[in-house]
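The listed protein sequences correspond, in order, to chains A and B.
Note that the UniProt record's numbering has the first sequence beginning at 1, numbered continuously upward.
Note that the UniProt record's numbering has the second sequence beginning at 1, numbered continuously upward.
Hints may be right or wrong, so weigh each one.
[Unchecked claim] Facing chain B, according to a computed beta carbon distance under 7 Å, are these residues of chain A, among others:
#: 1; residue: Ser69
#: 2; residue: Tyr81
#: 3; residue: Glu92
[Unchecked claim] Which chain A residues stay away from chain B? Per the calculated CB distances, all over 10 Å, these:
#: 4; residue: Thr24
#: 5; residue: Glu49
#: 6; residue: Gln53
#: 7; residue: Thr54
#: 8; residue: Asn57
#: 9; residue: Cys86
#: 10; residue: Lys97
#: 11; residue: Gln103
#: 12; residue: Glu107
[Claimed, not checked] Cut-off 30 Å, straight-line C-alpha distance, at most; resulting in silico cross-link-like pairs (DSS-like, lysine-lysine):
#: 13; chain 1: A; residue 1: Lys34; chain 2: B; residue 2: Lys159
#: 14; chain 1: A; residue 1: Lys64; chain 2: B; residue 2: Lys159
#: 15; chain 1: A; residue 1: Lys108; chain 2: A; residue 2: Lys30
Think of the hints as simulated: they come from the structure by calculation, not from any bench.
Note that beta-carbon positions come from the ideal geometry of N, C-alpha and C, so glycine has one too.
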Amino acid sequence: YTHSLQDLRQAAVASKVFVQRDYTSGTICKFQTKFPAELESRIDKQQFEETIQTLNNLYAEAEKLGGRSYLEGCLACLTAYTIFLCMETHYEKVLKKIAKYIQEQNEKIYAPLGLLLTDPIERGLRVVEITIFEDRSIGSR
Amino acid sequence: MKNCEYQQIDPRALGTSNTRTSTTLPCGRKNSQRLRRKWEVFPGNNRFYCDGRIMMGRQCGVLPLTIGLIFITSGLFFTFDCPFLVDRLTVFIPVIGGVLFVFVIMTLLQTSFTDPGILPRALPDEAVDIERQIDNSGSASYRPPPRTKEILINDQVVKLKYCFTCKMFRPPRTSHCSMCDNCVERFDHHCPWVGNCVGKRNYRFFYAFIVSLSFLTSFIFGCVITHLTLRSQGVNGIIQAIQDSPASVAELVICFFSIWSILGLSGFHTYLVASNLTTNEDIKGSWSSKRGEESGNPYTYNNIFTNCCVVLCGPIPPSLIDRRGFLPPDDAPQTVTSDTELPPFMSKNDANMCTQGTKELLQSMALSTVIQSTCTPGTPKTAPVTQESLLRTVSITVSPPNRPPSTGCSGHQAQRPIDVSCSQKGNKRSAHHTHSPLILSDGPDMGFIPLN
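Just chain A, with the same shape it has in the complex (with noise of 0.2 Å):
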């Protein structure tokens, strides 16, 4: 084997949980830490709730309104908004972080689980879907 990512890609789904959206601090982006029953024989209810809750600060840190953001607004503005054909937003920096930070959990902790996290960007930020693979052994070396 030469990865256990992707090991994982030719083993068997037997499930899929889906990690839905908390709304109740308004319309910022920010999952659920509920911990979800299918997940309880795999992983630790502790770092599964830690993963949650660094991508939810994560996010937060994405939308944050600032003196950062509203210079990078007003200068969009002065520009008619021509800015961002070259410059990539603070949103966009902060995404690319979260995808390489998704991948890390991956590789570290999820995989030799026999789990799988997807970004929420690919599905437009309404869920954390988490992939279960049915063997277990897949990916511990």
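Start from chain A and add chain B according to the hints.
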């Protein structure tokens, strides 16, 4: 003219599809085949140009008229009024006019071509999961389980509705636009003048557009009045002045009528921005205290300045629909048959089978099953959900007469023909929409409320 424009742009967007038809194989595929981009299989009623870089609503609406009016009025202004005013007053008049004009056009194009905040539809796995949750939590009664969910936001009870087309619970402030057949975040309204929905991602462009347009029309109006006044102070009076410069009268008329509506609209939207409301919420009275108890807007920051900053200068989230991303290379041999059909927009029937096939394929990637791509009676796994949702969404579309009788596909296809058949007939649509300048809709209950 609109038809010509559309035909002209169309082949460019479809240029890549020619390679697709020429490389079809009887069975099995090589991965070196051209990959399709996700915009080509987008389920909503949107149009894409420049290989997915530009997107618009289902039809231009009155956008060409808007652009035409702005160009004509400004053109007449620069040609006929400016020379006189530059002589008599100052050279800054065309400069200011020019700056305003450029700003107006740029913000208009930004509003029209930006993704308003469309939420991609739920994949079949998610839809099944949500259905299961609803059935579990609902009571075992004879009527179907309620498709709403109540949550607390800032101590305010907010109802989330389930969207049957997109198969998900709509986030707060999200609404389904029946024109574009998409759920849009922070849905404000669908503007035919701009040819697109106004939502979270392009509201600030829309606001900048109407504010700058108010300035432009007021400026032109003022300058034309000045021009005619100065000219009539000469020897011959007002009649001669009008005869000397008839274009000015045309400009006066256009600006006079525009100012009433545009200034009013700007004022209204300034109020909305200051209270962090959307047109949709204001019209429906979602947060008014009519119901007796104190129900305020849970999203406001209770500070005009903060609300303005948040709405106009807050971060713009990126587009969630990933138009230009590539679809994963398909490995299902059945899809080859749908690709041997003509590219979309060329033939109504074939386009439906093609888009239906590719859409099903996209869904099947998540399920990791091979499903029939052409419209066969074999229904996919999520049949109960789709049939029920189809019954609700078909009510706003017209299905073409010669469809195969498969129920699993007819609803989806019914949505497509509107895009295909009517866009080729162009002008038939615009008559339907010009007398309702603001169209608000929210899923199955459609309300057409003209605001002017």
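Quiz item: Can you give the numbers of the hints that this structure goes against, from lowest to highest?
Solution: 4
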